[in-house]
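These protein sequence lines are chains A and B, in that order.
In terms of this note's numbering, the first sequence opens at residue 1 and continues consecutively.
In terms of this note's numbering, the second sequence opens at residue 1001 and continues consecutively.
Keep in mind the hints are simulated off the structure, nothing from the lab.
Even glycine gets a Cβ: it sits at the ideal position worked out from N, Cα and C.
Treat the hints with care, as some may be off.
Here are some chain A residues pointing at chain B (derived, C-beta under 8 Å) [what the hints assert, rightly or not]:
{"no.": "1", "residue": "V10"}
{"no.": "2", "residue": "S11"}
{"no.": "3", "residue": "E13"}
{"no.": "4", "residue": "R14"}
{"no.": "5", "residue": "R15"}
{"no.": "6", "residue": "A29"}
{"no.": "7", "residue": "A40"}
{"no.": "8", "residue": "P41"}
{"no.": "9", "residue": "T42"}
{"no.": "10", "residue": "T45"}
{"no.": "11", "residue": "E74"}
{"no.": "12", "residue": "T77"}
Result set (SDA-like, lysine to any residue): computed pairs, CA atoms no more than 25 Å apart in a straight line [what the hints assert, rightly or not]:
{"no.": "13", "chain 1": "A", "residue 1": "K107", "chain 2": "B", "residue 2": "L1143"}
{"no.": "14", "chain 1": "B", "residue 1": "K1147", "chain 2": "A", "residue 2": "V93"}
{"no.": "15", "chain 1": "A", "residue 1": "K124", "chain 2": "B", "residue 2": "G1163"}
{"no.": "16", "chain 1": "A", "residue 1": "K107", "chain 2": "B", "residue 2": "D1153"}
{"no.": "17", "chain 1": "A", "residue 1": "K107", "chain 2": "B", "residue 2": "L1162"}
{"no.": "18", "chain 1": "B", "residue 1": "K1130", "chain 2": "B", "residue 2": "G1113"}
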Amino acid sequence: MANALQFDLVSPERRLAQLEATEVQIPGADGDMTAMADHAPTITTLRPGILTVTHSGGSDDYVVSGGFAEITAEGVTVLAEKALPRGEMTQEVYERLVEEAQSAYDKTKETFKNEPGPVDDAAKLLSDMVAVGGHIGLSPKQPNL
Amino acid sequence: MPSLKDLKTRIESVKSTRKITKAMQMVAAAKLRRAQDAAEASRPYAERFNAVMAGLAASVGDSDSAPVLLRGTGSDQTQLLVVMTAERGLCGGFNANIAKLARSHAEDLRGKGKTVKILTVGKKGRDALKRDLGDLFIGHVDLTDVKNISYEDAQDIARDILGRFDEGEFDVATIFYSKFVNVVTQVPSAQQVIPFEVPEGTEAEGGTLYDYEPGEEEILADLLPRGVATAIFSALLENGASEQGARMSAMDNATRNAGEMIDQLTIEYNRSRQAVITNELIEIISGAEAL
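Bound-form chain A, shown alone (with noise of 0.2 Å):
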């Protein structure tokens, strides 16, 4: 299949999938992208959010949280640091991640206190995430910025 592209999808942990897809969608740091076949080749950061992977049976969802993707002309592949499939994101998980970013974000604020970079970065960084709820109709909880 010339329109094919090979999708790969790892987290430090176990690899979530491997599989011919059509098109994937990336929410990349600048913002989203669809890589199909023939892409550019591009290195990208992701922010976290979900990555939709449109395949001959239909399309999955993932939940990403940060890490990067490697797009080549034959395929994808997206190493995230922590991937979830939507399935299995429940309130609650969806609750600790929200949590954890809470905290990485409040430490930072500690220990940068007069400079707003990291801060900013940590800002973000939870207000993706709290996003993320949103787009996959879990009640946001309401960040503590």
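Position chain B relative to chain A; hints supplied.
Coordinates of chain B only, in the frame set by chain A:
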């Protein structure tokens, strides 16, 4: 000459030892399988990661703007040794071998006039190095309560190390752990994590020119700390599998030794029982003859 009763209690005690070592061996075998699976599941990530890093590192190179984690501080005066061992003993030479490698490195570096600092992960390594190098310890990570090593554990350790690096506590960090080859072979190894070094056997991405989004350096700055965590995570998993493998073969040996010991003691027991019977018979016969 021990009495019959003594022999019997000894046989009983060796038998219960054998039961325990046998049980430990079986537990280790079951855990080994899990640990091995975990180590294997983490490999695709580490491989891809290192390949991408190798490509990035090659393209950013030694330019002055390269992140410190890649370029290094320009000195190698202060060395941090991260010694990763098990929390438990009874696994043959596993802990001792890692400690030995770390110790010889530390002595080597000290001989060259470098400052050595040691961070221990796992109780057994700390105990083994405490006497000779205890004054070099700067910290300890306790994983006693951790049953299954998760990526977060590795991240915590990496954060600790990176925090110390940012404060200028050391220039070069090396991790010590045991590579799992198979059940009977585990190789104690050292790997430099700061500044980043492409691990051996990684195929660099050659020839492909990537677009980087955001910039090359931002990505590198984001990935380098992750690289430390990834290296530590793989090391922890390798260590986990090695520990169980080492324990399994150690306990297998112990079980076999106990078996041999029981055989010997049983022979001795039967002989002395026979001697007692013969003695009694002689007494009876000579008593009857005297009449």
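Against the structure, the hints:
1. Residue-level restraint check for V10 of chain A holds (minimum Cβ-Cβ distance to chain B is 5 Å; threshold 8 Å).
2. With a cut of 8 Å, the hint placing S11 of chain A at the interface with chain B holds, because the nearest CB-to-CB distance is about 7 Å.
3. Interface restraint check for E13 of chain A: the shortest CB-CB distance to chain B comes to about 6 Å, inside 8 Å, so the restraint holds.
4. The criterion of a C-beta within 8 Å of any C-beta in chain B is met by R14 of chain A, whose closest approach is roughly 5 Å, and the hint holds.
5. For R15 of chain A, the shortest C-beta to C-beta distance to chain B is roughly 5 Å, which falls under 8 Å, so the interface hint holds.
6. Interface restraint check: A29 of chain A against chain B, minimum CB-CB distance 6 Å, threshold 8 Å, status holds.
7. For A40 of chain A, the suggested interface contact is upheld, since its CB lies about 6 Å from the closest CB of chain B, less than 8 Å.
8. Among the interface hints, the one on P41 of chain A holds; its C-beta lies about 5 Å from the nearest C-beta in chain B, closer than the 8 Å criterion.
9. A least Cβ separation of about 4 Å between T42 of chain A and chain B falls short of the 8 Å threshold, and the interface hint therefore holds.
10. Hint status for T45 of chain A relative to chain B: holds, with the closest Cβ pair at about 5 Å, below 8 Å.
11. Taking 8 Å as the C-beta contact cut-off toward chain B, the hint placing E74 of chain A at the interface is violated, the least distance being around 11 Å.
12. Taken as an interface hint, T77 of chain A checks out: its beta carbon lies about 6 Å from the nearest beta carbon of chain B, inside 8 Å.
13. Proximity of K107 of chain A to L1143 of chain B is assessed by CA-CA distance (about 23 Å); at most 25 Å being required, the pair is judged to hold.
14. For the proposed pair K1147 of chain B and V93 of chain A, the alpha carbon gap of about 20 Å is at most 25 Å, so the pair holds.
15. Of the pairs offered as hints, the one joining K124 of chain A and G1163 of chain B holds, with about 22 Å between alpha carbons and a cut-off of 25 Å not exceeded.
16. Of the pairs offered as hints, the one joining K107 of chain A and D1153 of chain B holds, with about 18 Å between alpha carbons and a cut-off of 25 Å not exceeded.
17. With a C-alpha separation of about 15 Å, the suggested pairing of K107 of chain A with L1162 of chain B holds against the 25 Å cut-off.
18. Under the criterion of a C-alpha separation no larger than 25 Å, the hint pairing K1130 of chain B with G1113 of chain B is consistent with the structure, at around 21 Å.
Hint 11 alone, counting from the list given before, is not met by this structure.
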